[in-house]
Each structure stands twice: as structure tokens, then as C-alpha cells.
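For the record, the sequence lines run as chains D and H. Under our numbering, the first residue of the first sequence carries the number 1, and numbering increases by one thereafter. Under our numbering, the first residue of the second sequence carries the number 318, and numbering increases by one thereafter.
Careful: at least some of the hints might be erroneous.
[To be verified] As a list, the in silico SDA-like pairs of lysine to any residue whose alpha-carbon atoms are at most 25 Å apart: (1) Lys56(D) - Ile414(H); (2) Lys287(D) - Gly365(H); (3) Lys56(D) - Pro143(D); (4) Lys287(D) - Arg406(H); (5) Lys287(D) - His405(H); (6) Lys489(H) - Phe312(D); (7) Lys287(D) - Val339(H); (8) Lys287(D) - Glu407(H); (9) Lys287(D) - Thr208(D); (10) Lys287(D) - Ile414(H); (11) Lys287(D) - Tyr342(H); (12) Lys489(H) - Phe114(D); (13) Lys489(H) - Arg315(D); (14) Lys287(D) - Gly348(H); (15) Lys287(D) - Pro416(H); (16) Lys287(D) - Val494(H); (17) Lys287(D) - Lys489(H); (18) Lys287(D) - Arg345(H); (19) Lys287(D) - Phe338(H); (20) Lys287(D) - Ile408(H); (21) Lys287(D) - Glu409(H).
[Claimed, not checked] Counterexamples of contact, computed for chain D against chain H with all Cβ distances above 10 Å: (22) Ala19; (23) Leu60; (24) Ile102; (25) Ser132; (26) Ala156; (27) Val176; (28) Ser177; (29) Leu180; (30) Glu212; (31) Ala253; (32) Leu265; (33) Glu282; (34) Val290; (35) Gly298; (36) Leu306.
Source of the hints: derived by calculation from the structure; they are not laboratory data. Virtual Cβ for every residue (Gly too), placed ideally from N, Cα, C.
Chain residues, written in single-letter form:
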Amino acid sequence: MAMILEIAAQGAQMGLVLALSPLLVGLTRKAKARLLRRRGPSLFQPYRDLLRLLRKETVLAENASWLFRSAPYLIFAATWVAAALIPTFATGLMFSWSGDLIAIAALLGSARFFLALAGMDVGTSFGGIGSSRETMFASFAEPATIMIVFTVSLIAGSTQLSEIAASTLSHYELRVSFGLALIALAIVAIAENGRIPVDNPATHLELTMVHEAMVLEYSGRHLAMIELASALKLLLYLSMIACIFAPWGMAPAGAGARALGLGALAYVAKMAVGGFLLAFFEISTAKMRVFRVPDFLGAALMLGLLGTLLLFVSRSL
Amino acid sequence: MERLYFDVAHLFAGSLVLMSFVLLYQDRMTGLINVFTMHAVVLSLSVGWQAYAQNAPHLYITAGIAVLFKAVIIPISLQNMIERMGIHREIEVVGGIGPTMLLGIALVALSLAVVLPATAAADPLAREDIAFALSVVLLGLLMMVTRRNAVSQIIGFMSLENGLILAATGAKGMPLVVEISVAFSVLIAFIVIGIFLFRIRERFDTVDVQELDRVRGSTK
Numbered sequence: 001m002a003m004i005l006e007i008a009a010q011g012a013q014m015g016l017v018l019a020l021s022p023l024l025v026g027l028t029r030k031a032k033a034r035l036l037r038r039r040g041p042s043l044f045q046p047y048r049d050l051l052r053l054l055r056k057e058t059v060l061a062e063n064a065s066w067l068f069r070s071a072p073y074l075i076f077a078a079t080w081v082a083a084a085l086i087p088t089f090a091t092g093l094m095f096s097w098s099g100d101l102i103a104i105a106a107l108l109g110s111a112r113f114f115l116a117l118a119g120m121d122v123g124t125s126f127g128g129i130g131s132s133r134e135t136m137f138a139s140f141a142e143p144a145t146i147m148i149v150f151t152v153s154l155i156a157g158s159t160q161l162s163e164i165a166a167s168t169l170s171h172y173e174l175r176v177s178f179g180l181a182l183i184a185l186a187i188v189a190i191a192e193n194g195r196i197p198v199d200n201p202a203t204h205l206e207l208t209m210v211h212e213a214m215v216l217e218y219s220g221r222h223l224a225m226i227e228l229a230s231a232l233k234l235l236l237y238l239s240m241i242a243c244i245f246a247p248w249g250m251a252p253a254g255a256g257a258r259a260l261g262l263g264a265l266a267y268v269a270k271m272a273v274g275g276f277l278l279a280f281f282e283i284s285t286a287k288m289r290v291f292r293v294p295d296f297l298g299a300a301l302m303l304g305l306l307g308t309l310l311l312f313v314s315r316s317l
Numbered sequence: 318m319e320r321l322y323f324d325v326a327h328l329f330a331g332s333l334v335l336m337s338f339v340l341l342y343q344d345r346m347t348g349l350i351n352v353f354t355m356h357a358v359v360l361s362l363s364v365g366w367q368a369y370a371q372n373a374p375h376l377y378i379t380a381g382i383a384v385l386f387k388a389v390i391i392p393i394s395l396q397n398m399i400e401r402m403g404i405h406r407e408i409e410v411v412g413g414i415g416p417t418m419l420l421g422i423a424l425v426a427l428s429l430a431v432v433l434p435a436t437a438a439a440d441p442l443a444r445e446d447i448a449f450a451l452s453v454v455l456l457g458l459l460m461m462v463t464r465r466n467a468v469s470q471i472i473g474f475m476s477l478e479n480g481l482i483l484a485a486t487g488a489k490g491m492p493l494v495v496e497i498s499v500a501f502s503v504l505i506a507f508i509v510i511g512i513f514l515f516r517i518r519e520r521f522d523t524v525d526v527q528e529l530d531r532v533r534g535s536t537k
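Chain D extracted, bound-state conformation:
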């Protein structure tokens, strides 16, 4: 019986992230538009877009291989599994013990690998340029991620997100390393999701685009899968930041229905705040040149390294 309940809670978490992710994208777009004094599309526009894409016919290039056709599903699956490993409204969910931060980084890395391959598969020049840029950014973002993981897990004594959240909740103290890791993770999240200083998700301008260039050849249900996967990725990063740095309101392991409901409410509120902050950040900065991005991500790497070093100081005293 307890097993069934656990599976139900895990299933609810997976359903929740899947259902919420387009809403988060819609919220960010709406908030950006309102901050720029435009009206913006409805909050539910991403759902409508996805439904329409699912109904549309899929057009494939003649020289597209099996890889091109299967990549969207692989990307979506890897991203969803990674999202399922993150405690959203409750710690101690069933899957959260089967994977840790490093597993999440690896899953996202393999999703990106397939996306870059698919971008090059059809052989158009845009796909190639998008893939090469994505790979360049990834080679800076991955070490930064690893350093952040080190910092956070040295503080909490574990790489399991559930335990990190529990340790943050139980003894909250003033730590520079924690702040540094937060800034670094925010930078990595912005770069990984192709948000404004790095990439503009709203345009198809060939000089600057990264993510859009890779998925330019996709249509119909394949595009729907990729769009949903990138929405999930945005939600995943926001949930990860919320889970590590602001785990308040999260239901502890084995909590009752009331705590779970409260946790879900707190989670939705946190995501709304996160989406708004992201929109605010995006309208207050300008897109940077592609060759400035390594500096931006290098700053994240530096912050992660510095966080680990400072932690050693406070530990050794």
C-alpha cells in the first residue's frame, strides 16, 4: 500500500512538471510583454501551440536519417527523467533516491548531445552553426555545473537533491559559498535555456540564434516534442534553484496529504516568482555577442571554483 502511495506521489510530481512547464513559458512571455507595456499572448498560448503542432503534418527532409526522427523523443525522454529526479513539492519522493545532481547533469548532457547531432543531421548550414555554438557553450557550462554541484554537495554532505533540500531547511546559516553557487547556477540556467543575454528565444535572427538554429528543420509532432522538452528544461532549472536555495514549504518524506497540498501551492508560487524574475532580468539586459558568452559562462565557472575554495577556508578553521 505504501508503495502504491509512493508511486502515486512520484507520478503526480512527473505529471505536475509536465503540465506546468508550458504555463511557465507562457507566464514568462506574458510578464516580459507586460513589462514592455505590450499586451502579450494569453498565458495558455504555449498549450495551444503544442496542440496545433501535434495535429500538424510532419515534414521531413529527404536526407533525414533515423537519428533525426528519433532525436525529439530521446531529448524529451531524457529531459523528463531529469525533471522527475528533482524534488518539487516534496522531498523524499521515490525517484529522488535513484539519481543525484550528477545524474541530472548527465541526462541533460545526453539530451544536448542528441539535439546537436540532430541539428547537423539534415546538413543545412543553420543546423551546423547552431550545433557548433551549442557545443561551445556546453563546454563552458558543464565544468561550471560540476563546480556548483561540488560546492552545494560539500555544504550539504550529499549530492542527492532531497538531502540537500533537507539540510538547507534544517540549519540555515550565512554562507558566501552558497550565494556564489546561486549566482553561478542562475548564469548556467540562463545559458542552458537560451534566454536573453546568451540567446534570444523569440527571434529567428540567423546571426545570433543557437537553439532555434538547431531545431529549424523540425515540424509537426517532432517540433512539439522539442518545444515541450525545452519548456521542461526551463522548469527543471527553476525547480532545481528553488529546491537547493529556497526549499521552504516543501513536504518532508512521508508527509500527509495536507503537507503535500501546501508543498504544491508553495511550489507553484515559487515557480511564478522565478518566472517573473527571469522576465525582469531578460528585459533589463541586452543580448550579448556570441564571442562574449564564454566570458559570461567563465564567470559562472569562476564563481563555482571560488565557492569551493572559500568553503575549504571555513571548513579548515
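Please arrange chain H on chain D, whose structure you already have, making use of the hints.
Below, chain H alone, put in the same frame as chain D:
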């Protein structure tokens, strides 16, 4: 309570190291001066906290001097200086920010590796302040080495001096006279460097120190 004293001191001293890195990252003149102002503000917060934690009221005077000179007078006069020289819009060519940052991290690691074992018997508050102060000093030196523009080298020198103040206030029982004399000697150094800057510009029409190679007669 002991823990809180340490944590806040750690926060301020760590932020000072972070500000040194932000200085290394900047390549615009006005941005550099703004970050230097923040560097000084963080320093005075750190000194103020040390005054509170060590119960040493004379350190409040040091914090006041730091705010007055380093966060107000020097940034304003630097700003005037670069505007008079017409380089306030200039972007400095720095040879690769990424490698400089990595070098900076290596220097921080080096100073931690040197200071922490060497001061094993001292008070944790002082140990940590001295370790971070050495990193700030080394980062200031690194900035002076990697920059070509004389104005950013001055800022590197000033940030190095902030590290010295941090070390001096971390150690218990440093007399006020020492700190005041350090502050004034830096002010004098600043004035002298300022005069030199205008002399360099008069002779070479630039403050790019690579142009000084001409004087040495090196032929490239």
C-alpha cells in the same frame, strides 16, 4: 554567537575577494571605477564588523576613513581624471579574460594554501581575514600586471591596498596610528601617480603603458 561573528566576517571578506574578481572582469573605465567604489564599501563594512566583533572602537575610524577616501574622494577624482584625459568611454584591451580569471583562482588557492597552515595557532577570525587579504593583494598585483592602461593599473594598486587594510584590521591590537599612516601614504601615492599620469599623457598622448617601450628604445 561566536559562529555568527565568524560567518559575517567570512561573508564580508569573501565578498571582497569576489569584488576583486569583478574588477578583473571589467574592461570599461567607468565600470572599473564603479566596481572599485563597491570594493571600498565592502572593505569598510568588513572593517566595521571587525570593530564590532573585536570590540575595538578605533577601527570604526578606519572604516570611516576607508569610506571617505576610497569610496568617495578617490573614485570621484579618478572619474574627473579619465574625463579630462578623454578616456572615459574607452574599452581596454585585456588579453583574454578567461585565462586571467583562472590565474586569479590559482592565486587565491595559493594564498589559502600558504596562509592557513602558517597561522595555525591564531584566532580563526584573524586567520581567515589574513588568508583573504593575501588573495586580494595578489589579485591586485595580477590586475596591475595584466592591464595596459595606466589608470586601471592605479585601480589595481588601490585594490591591493584595500587587501592590506583588511589584513591590518583582522589582526587584533593594531594601533590606529599605523592604519591612518597607511591610509595617508596611499593618498599621497595616489596624488603622485595622478601627476605622473598627466606627465605620461603629455609626453606620449596616451596612457597606454606599452607606448613607454619607445623610451626604452626597444625595436619591434
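Hint by hint, here is what the structure shows:
1. With a C-alpha separation of about 47 Å, the suggested pairing of Lys56(D) with Ile414(H) is violated against the 25 Å cut-off.
2. The hinted pair formed by Lys287(D) and Gly365(H) fails the criterion: a straight-line CA distance of about 39 Å is larger than 25 Å.
3. At most 25 Å may separate the alpha-carbon atoms for a hinted pair to count; Lys56(D) and Pro143(D) exceed this at roughly 39 Å.
4. A C-alpha spacing of about 20 Å is found between Lys287(D) and Arg406(H), which places the hinted pair at or below 25 Å, so the restraint holds.
5. For a cut-off of 25 Å, the pair hint linking Lys287(D) to His405(H) stands: about 23 Å separates their Cα positions.
6. At most 25 Å may separate the alpha-carbon atoms for a hinted pair to count; Lys489(H) and Phe312(D) meet this at roughly 23 Å.
7. For the given pair, Lys287(D) sits about 20 Å from Val339(H) by alpha-carbon distance, which is consistent with the 25 Å threshold.
8. Taking the CA atoms of Lys287(D) and Glu407(H), the gap is about 21 Å. The hint holds against a cut of 25 Å.
9. The straight-line distance between the Cα atoms of Lys287(D) and Thr208(D) is roughly 9 Å, inside the 25 Å bound, and the hint therefore holds.
10. Only pairs whose Cα atoms come within 25 Å are accepted, and Lys287(D) paired with Ile414(H) is accepted, the gap being roughly 19 Å.
11. Taking the CA atoms of Lys287(D) and Tyr342(H), the gap is near 18 Å; set against the 25 Å cutoff, the hint holds.
12. Between Lys489(H) and Phe114(D) the alpha-carbon distance is near 59 Å, which puts this suggested pair outside the 25 Å criterion.
13. Simply put, Lys489(H) and Arg315(D) have alpha-carbon atoms about 22 Å apart, close enough for the 25 Å limit, and the pair holds.
14. Simply put, Lys287(D) and Gly348(H) have alpha-carbon atoms about 19 Å apart, close enough for the 25 Å limit, and the pair holds.
15. Annotation: proposed proximity of Lys287(D) to Pro416(H) holds, straight-line Cα distance about 24 Å (limit 25 Å).
16. Of the pairs offered as hints, the one joining Lys287(D) and Val494(H) is violated, with about 50 Å between alpha carbons and a cut-off of 25 Å exceeded.
17. With a C-alpha separation of about 48 Å, the suggested pairing of Lys287(D) with Lys489(H) is violated against the 25 Å cut-off.
18. With a CA separation close to 18 Å, the supplied pair Lys287(D) and Arg345(H) stays within the 25 Å bound.
19. Simply put, Lys287(D) and Phe338(H) have alpha-carbon atoms about 23 Å apart, close enough for the 25 Å limit, and the pair holds.
20. At most 25 Å may separate the alpha-carbon atoms for a hinted pair to count; Lys287(D) and Ile408(H) meet this at roughly 19 Å.
21. This hinted pair checks out: Lys287(D) and Glu409(H) have alpha carbons roughly 21 Å apart, not beyond 25 Å.
22. Against chain H, the non-interface label of Ala19(D) holds: every CB pair exceeds 10 Å, the least being about 39 Å.
23. Distance to chain H confirms Leu60(D) as a non-interface residue, since its nearest Cβ pair spans about 41 Å, more than 10 Å.
24. The beta carbon of Ile102(D) is kept farther than 10 Å from every beta carbon of chain H, the shortest such distance being approximately 22 Å.
25. With a cut of 10 Å on Cβ distances, Ser132(D) stays outside the contact zone with chain H, its closest approach being about 19 Å.
26. The Cβ of Ala156(D) sits about 17 Å from the closest Cβ of chain H, beyond the 10 Å cut-off, so the non-interface label holds.
27. For Val176(D), the requirement that its beta carbon stay farther than 10 Å from each beta carbon of chain H is not met, with the minimum near 4 Å.
28. Once the 10 Å rule is applied to beta carbons, Ser177(D) is inconsistent with being away from chain H; the minimum gap is 8 Å.
29. Its beta-carbon lying about 7 Å from the closest one in chain H, Leu180(D) breaks the requirement of being farther than 10 Å from that chain.
30. The claim that Glu212(D) is not at the interface with chain H holds, since no C-beta of that chain comes within 10 Å of its own (minimum 27 Å).
31. Ala253(D), annotated as away from the interface, keeps every beta carbon of chain H farther than 10 Å; the closest lies near 28 Å.
32. Residue placement check: Leu265(D) keeps its beta carbon more than 10 Å from all beta carbons of chain H (closest about 32 Å).
33. Glu282(D), annotated as away from the interface, keeps every beta carbon of chain H farther than 10 Å; the closest lies near 21 Å.
34. Every CB of chain H is more than 10 Å from the CB of Val290(D) (nearest about 15 Å), matching its label as outside the interface.
35. The claim that Gly298(D) lies off the interface is violated: its Cβ sits roughly 5 Å from the closest Cβ of chain H, which falls inside the 10 Å cut-off.
36. The claim that Leu306(D) lies off the interface is violated: its Cβ sits roughly 7 Å from the closest Cβ of chain H, which falls inside the 10 Å cut-off.
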